[in-house]
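Build the full structure now, drawing on both the sequences and the hints.
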Amino acid sequence: MEEPSLWRAMQLSADKESDFLRTALEEAEAIVVGIGAGMSAADGFTYIGPRFEKAFPDFIKKYHLLDMLQAFLYDYSTWEEYWAFASRFAIMNGIEQEAGKSYQHLNQFLQGKNYYVITTNADNSFPKAGFSEDKVHYYQGKYVLMQCSKHCHPKTYRKDDLLYQMRDQQKDMKIPSELVPCCPVCSEPLEVNKRTAENGMVEDADWHRHQADYEAFIQANKGKKILYLEIGVGNTTPQFIREPFQEWTAENPKALYVMMNQKPYHIPKDIRSQSRRLKENLADVIQAL
Numbered sequence: 001m002e003e004p005s006l007w008r009a010m011q012l013s014a015d016k017e018s019d020f021l022r023t024a025l026e027e028a029e030a031i032v033v034g035i036g037a038g039m040s041a042a043d044g045f046t047y048i049g050p051r052f053e054k055a056f057p058d059f060i061k062k063y064h065l066l067d068m069l070q071a072f073l074y075d076y077s078t079w080e081e082y083w084a085f086a087s088r089f090a091i092m093n094g095i096e097q098e099a100g101k102s103y104q105h106l107n108q109f110l111q112g113k114n115y116y117v118i119t120t121n122a123d124n125s126f127p128k129a130g131f132s133e134d135k136v137h138y139y140q141g142k143y144v145l146m147q148c149s150k151h152c153h154p155k156t157y158r159k160d161d162l163l164y165q166m167r168d169q170q171k172d173m174k175i176p177s178e179l180v181p182c183c184p185v186c187s188e189p190l191e192v193n194k195r196t197a198e199n200g201m202v203e204d205a206d207w208h209r210h211q212a213d214y215e216a217f218i219q220a221n222k223g224k225k226i227l228y229l230e231i232g233v234g235n236t237t238p239q240f241i242r243e244p245f246q247e248w249t250a251e252n253p254k255a256l257y258v259m260m261n262q263k264p265y266h267i268p269k270d271i272r273s274q275s276r277r278l279k280e281n282l283a284d285v286i287q288a289l
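Residue 116 in the UniProt record's numbering sits at position 116 of the sequence shown, with consecutive numbering throughout.
Rather than coming from a laboratory, the hints here were simulated on the basis of the structure. Here the structure is a predicted model, which is why all the values come from computation and not from measurement. Treat the hints with care, since some could be wrong.
20 angstroms max Cα-Cα, derived PhoX-like pairs, lysine-lysine [what the hints assert, rightly or not]: (1) K16 x K263; (2) K113 x K194; (3) K135 x K150; (4) K135 x K113; (5) K194 x K171; (6) K254 x K225; (7) K135 x K222; (8) K113 x K224; (9) K174 x K54; (10) K113 x K159; (11) K150 x K194; (12) K174 x K62; (13) K101 x K62; (14) K135 x K101; (15) K159 x K128; (16) K54 x K171; (17) K171 x K61; (18) K171 x K62; (19) K279 x K263; (20) K174 x K61; (21) K113 x K263; (22) K113 x K155; (23) K135 x K159; (24) K113 x K222; (25) K101 x K279; (26) K224 x K263; (27) K222 x K254; (28) K16 x K279.
Label pairs and their calculated CB-CB ranges [claimed, not checked]: (29) N114 x Q165: 38 to 48 angstroms; (30) A99 x P184: 30 to 40 angstroms; (31) S18 x K171: 47 to 57 angstroms; (32) P244 x K279: 18 to 28 angstroms.
Every residue, glycine too, gets a C-beta built ideally from N, C-alpha and C.
Printed below as a string of structure tokens:
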């Protein structure tokens, strides 16, 4: 294996995290960025606390929900109630959420570089920050899209006007029955396009195009001095970002794996000389680039 000194960044002090990240991004021949919920949370878009409590006091009171993710995954007894929650949730996180400063800074710093982004987030952070949609693969779906609840065909739908009608016309935590969106193929209700552990999700033509582009980028840059940058990824679905990044790093002695996370998730022993964990607040580190 080549010495880690191949990367100038690895020679910098461990307590200069923004300097390290800036140097690594500048010297990389290719950059793969994997972004999880921690990055949106660092910009203030949390699923717990006041933001959740202010938006969904009725659902919290009725179901004793602890956070927005639990509320999103809750098995509501009717579609009218499901869409009462989902419409407010999708508008809040998928349409009206403001641009995060960390996303804006990262986008600016990546301009002109050879990069691709994969994310398990489904919010609107990337378009609001100015990212090219051709450079971002939403592996877990998008809150603003709808899919057949029976997954009867591989197509998604965007109906922003309908979401606002659902939000504005709901009463007692239910939307009018006539507003429940239905599949044009099988007539079953539509649901939010988001992957779940139990049922997966509808992967439409746009998803498959981005998956092919992502795989092509990985293949085209194998063997290069490539940076695998993992930002705010938790441990719910490590198989989508963390595990592939670590495996690809092990296969390439020129690769560098960087984990930006305050939680001490495992880094395999065989790649530790090619890895660095950044423990500071990721928003502070990124905005200091």
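Now for the hints, and whether the structure bears them out:
1. Proposed proximity of K16 and K263 is supported: the alpha carbons are some 18 angstroms apart, at most 20 angstroms.
2. As the CA atoms of K113 and K194 are separated by approximately 30 angstroms, the hinted pair breaks the 20 angstroms bound.
3. A threshold of 20 angstroms between alpha carbons decides the hint, and for K135 with K150 the separation of about 30 angstroms lies outside it, so the pair is violated.
4. Restraint check for K135 and K113: satisfied, since their Cα atoms lie roughly 11 angstroms apart, inside the 20 angstroms limit.
5. Restraint check: the Cα-Cα separation between K194 and K171 comes to about 25 angstroms, which exceeds 20 angstroms; the hinted pair is violated.
6. With a C-alpha separation of about 5 angstroms, the suggested pairing of K254 with K225 holds against the 20 angstroms cut-off.
7. With a C-alpha separation of about 18 angstroms, the suggested pairing of K135 with K222 holds against the 20 angstroms cut-off.
8. At most 20 angstroms may separate the alpha-carbon atoms for a hinted pair to count; K113 and K224 meet this at roughly 14 angstroms.
9. For the given pair, K174 sits about 18 angstroms from K54 by alpha-carbon distance, which is consistent with the 20 angstroms threshold.
10. Distance check on the hinted pair: K113 and K159 sit about 34 angstroms apart at the alpha-carbon level, beyond 20 angstroms; violated.
11. Between K150 and K194 the CA atoms are separated by roughly 13 angstroms; this keeps the pair inside 20 angstroms, and the hint holds.
12. Under the criterion of a C-alpha separation no larger than 20 angstroms, the hint pairing K174 with K62 is consistent with the structure, at around 13 angstroms.
13. Distance check on the hinted pair: K101 and K62 sit about 35 angstroms apart at the alpha-carbon level, beyond 20 angstroms; violated.
14. Under the criterion of a C-alpha separation no larger than 20 angstroms, the hint pairing K135 with K101 is consistent with the structure, at around 19 angstroms.
15. For the given pair, K159 sits about 18 angstroms from K128 by alpha-carbon distance, which is consistent with the 20 angstroms threshold.
16. For the proposed pair K54 and K171, the alpha carbon gap of about 17 angstroms is at most 20 angstroms, so the pair holds.
17. Between K171 and K61 the CA atoms are separated by roughly 15 angstroms; this keeps the pair inside 20 angstroms, and the hint holds.
18. With a C-alpha separation of about 14 angstroms, the suggested pair K171 and K62 falls inside the 20 angstroms cut-off, and the hint holds.
19. Restraint check for K279 and K263: satisfied, since their Cα atoms lie roughly 8 angstroms apart, inside the 20 angstroms limit.
20. With a C-alpha separation of about 15 angstroms, the suggested pair K174 and K61 falls inside the 20 angstroms cut-off, and the hint holds.
21. A hinted pair counts as satisfied when its Cα atoms are at most 20 angstroms apart, and K113 with K263 does not qualify at roughly 29 angstroms.
22. Restraint check: the Cα-Cα separation between K113 and K155 comes to about 32 angstroms, which exceeds 20 angstroms; the hinted pair is violated.
23. Annotation: proposed proximity of K135 to K159 is violated, straight-line Cα distance about 24 angstroms (limit 20 angstroms).
24. Our distance criterion of 20 angstroms between C-alpha atoms is met by K113 and K222, whose separation comes to about 16 angstroms.
25. With a C-alpha separation of about 19 angstroms, the suggested pairing of K101 with K279 holds against the 20 angstroms cut-off.
26. Straight-line distance between C-alpha atoms of K224 and K263 comes to about 29 angstroms, which puts the hinted pair past the 20 angstroms bound.
27. At most 20 angstroms may separate the alpha-carbon atoms for a hinted pair to count; K222 and K254 meet this at roughly 9 angstroms.
28. Restraint check: the Cα-Cα separation between K16 and K279 comes to about 11 angstroms, which is no more than 20 angstroms; the hinted pair holds.
29. The hinted range of 38 to 48 angstroms is satisfied by N114 and Q165, whose Cβ atoms lie roughly 43 angstroms apart.
30. Hint check: A99 to P184, Cβ distance near 33 angstroms, so the stated range 30 to 40 angstroms holds.
31. Between S18 and K171 the beta carbon distance is about 49 angstroms. The supplied range of 47 to 57 angstroms therefore holds.
32. Remark: the range hint 18 to 28 angstroms for P244 to K279 is upheld by a beta-carbon distance near 23 angstroms.
In summary, the numbered hints that this structure violates are 2, 3, 5, 10, 13, 21, 22, 23 and 26.
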